[in-house]
Amino acid sequence: MKHSALLLWAVLLTQAGPTFAHSGDQVSIDRLTQVIVAHPEQQSLFIKRGAIYSHAGRWQLAESDFQRAYRLGDPREVSFELGLMRFRQGKYPQAQTQFSLYLSIHPGAAEALLFRARAAQAAGAPQMALADFQTYFTLVEQPHPGDVRAAAMLMAQGPDPELAAALALIDRIMANAGLQPQLQRYAITLELQRGEFLAALRRCAQMEASLGGSPEWQVEMAELLLQTHRHDEATAMLEQAQLQLEGLKITPARQALRVKIEQLKYS
Amino acid sequence: MKTARKTGFLAITWVVPASIASALMLAGCTGQDERANLCTGVEQDASRQFLQQVTDTSAIIKWRGNADAACLGTDINTLDQHVLAAGDGSHKEAKLTGLQPDTLYYYSLGAASVGRESQQFRTAPAPGNVPADGNTHIWLLGDSGTATEEFRGRSPHVGEALAVKQGFLSYNAEQGNNEPLDLLLLLGDNAYLQGTDAEWQGAFFDIYPEIISRTALWTTIGNHEMGVAPLDICLLFQAPGCEKGPVVMPLGGVSESSDPASYDSNGDGPDAGGLPYLDIFSLPSKGQAGGVPSGTEQYYSVDHGNVHIVSLDSQLSNRALAQREAMRDWLVDDLSRNTLDWTIVIFHHPPYSKGENHDSNLEQGEIDMRETFAPVFEDYGVDVVYSGHAHSYERSWYLNGHHGMSETFDARQHAELNHAGEPSLGQGEESYSQLSPSSGSDDKAVYTVAGSAGKADEEHPCRKGQLFGCTPEQWLMHPAHRKFDESIPGARRNGLARKGSVVLDITRTTLTSRFVDERGQVLDYFTITR
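Chains as they are written, first to last, in our numbering: chain A, 450 to 716; chain B, 646 to 1175.
Here chain A stands alone, though its shape is the one from the complex (with noise of 0.2 Å):
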């Protein structure tokens, strides 16, 4: 049990005093629990029952409780729930069959695919990983930069990289949700990776307006320069982003930033 849902329910605990505080006694177990009695033949409520077993870490009543499941109908239906189960547990490789049960039956459950892709990626499938990533993102209006880049890391690593398919996720994301400069920050590391000077560059210019032509970016700029062997450019933006600091307020990242400077500037 983590600390933080041991402490939340300390608080609600000691909002409630001598009763017990929570708003779900219609879905607690022991009402869920009578219904299951009225209609013992209703797959979904052992499902139900399972997944609060399950989402509390009680895996031999979940388990129970959707072996039962899958008894009373098409057992796809229980693979989800199973699927979280196993993914719970760390087991990765049996999450994925799950998940893929699952969406053998709801192709487009973007939950079940993000889940599958991050167990695959647990599991060390990297390119399996990578295709659920690519679905869920045409599935979700706005995926999560973290998500995104996650995925792009993917691409990137291991003994083939695809640096070319991460640029074009990022790129695809961002056609749709602006630029992101958590994202184009990557990308410029991959463009380097790959050796596209001018397109590492080219993307940081990109981020003028977004950074607001910030020192920092003027540094950045300015570093991108010097690799591509433009140094009279590269001191403009040196002199620029000193300029530029001289009438900010000081503080601790712009006084390492002017130390940079000038170790640029003498390189």
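Watch out, some of these pointers could steer you wrong.
Chain A is faced by these chain B residues, among others (derived, beta-carbon under 8 Å) [said to hold, decoys possible]:
(1) Gln745
(2) Pro929
(3) Ser930
(4) Lys931
(5) Ser981
(6) Arg982
(7) Asp1087
Source of the hints: derived by calculation from the structure; they are not laboratory data.
All residues carry an ideal CB built from backbone N, CA and C; glycine is no exception.
Given the coordinates of chain A, work out where chain B should sit on it, guided by the hints.
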């Protein structure tokens, strides 16, 4: 100080729909049309109406109701700019563009040509400028959503959020010249216990209607915005019934998911509509309000005159490493870009707290926020950080470099000191300086926990052997927070178990933060100068 537009706030008649699902939507093109003859409609009430993304040149009026257009103008009797609303299924939005900075606008819903005093807003000053009256007046509400908190048919905190609001209004009338608010900042947990749309209605839209219809609003996600998750209480202690097996219940506020699509309002699986917070609020993922584009509405930043405001996501993005790292990198870019006079950061989980049930030594979310983000705040010139979560008030010294557990705090190393070698209080002659005298750099921040705008924790002595659900010995005794006179009611060594909210006043040269209780009394303040 601003000249008050009127004394207090006007009340509006609010009509709450019988069913959220019955809210009507008229999807249409959004467009601003200056032909005066279009503003000939009749004012229509809305069950909720509020302002979003108020910048120096634009704003969004958002509401739930039948009106399908808004009219706008600078003269309350002559609203002549007609704006069609767009809808997303549950709300309507009129997007206003081409506005003038620091200018008072009136509006109507339903295209009436005459406005209401209660429906007005002031655009932000141009970036870098201070408002014409020289002061940005901000109200912060943490954990205010208790009006809808219920269990077993009881509502234990009815009226408490309203009392805190009344305390603010009293303070504003008696000590604040009734200065109109420029900004309202929510610190999370503003709709208990699950953050459903209905709870937002009861705990927020119905509690502050006269304020949010005229004040720019920015928000952050709390744990109670994220629905329920199952918890087996027998893993914690021997509760009644545990002898027969697990006692598992879906509880509000305990979700540990990083995925807003997993939002579950009642324990029967993810809701089709996803996280209500993201449906209700229209937040700037593309830098629409001046900050660096974040690519997600879960965290973002805003420029308001000479103030930069960052809202981080300590509830969802903070839980998954890849997402947390992306949020950190975005923050570095955002703060690097920022050149405004003052920087405020808001998020729900406090990095330093000894709240009754939220200890920043123990909760992973608080530890992650402290370890990952506090160093960035210090390196990039953040001035003040506000959180909620713990239902009390704690306010730190002027901190730098304390990223560990509470017992590692050393005032001589981590706090700005006065001439006597004690931590400076931030008041009077000990006001903090943005550029620290000791370092010559803007490398310190004040961290405030203000989660008592809807209830305050009370002491529950522990029975022998009881570990949970009672008051820990270290309650409100985090050494990084300022000390209080313990003879004050509700005071402990380093905090106040008192209901209240925070009022922030920011000029070109000073930032003053006050904790105001439900009677309108200021129980703590500090000032930073520049």
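So, going through the hints one by one against the coordinates:
With a least beta-carbon distance of about 23 Å to chain A, the hint placing Gln745/B at the interface is violated under the 8 Å criterion. Violation of the interface hint for Pro929/B is found here, the shortest Cβ-Cβ separation to chain A being roughly 11 Å, above the 8 Å cut-off. Satisfaction of the interface hint for Ser930/B is found here, the shortest Cβ-Cβ separation to chain A being roughly 7 Å, below the 8 Å cut-off. The beta carbon of Lys931/B is positioned within 8 Å of a beta carbon in chain A (closest approach about 4 Å), and the interface hint is therefore held.
Restraint check, Ser981/B versus chain A: the minimum CB separation of about 4 Å is within 8 Å; hint holds. A distance limit of 8 Å between C-beta atoms decides the matter here; for Arg982/B the minimum to chain A is near 4 Å, and the interface restraint holds. Hint on Asp1087/B holds. Least Cβ distance to chain A is approximately 5 Å, under the 8 Å limit.
Hint compliance for this structure: hints 1, 2 are not met, and every other hint is.
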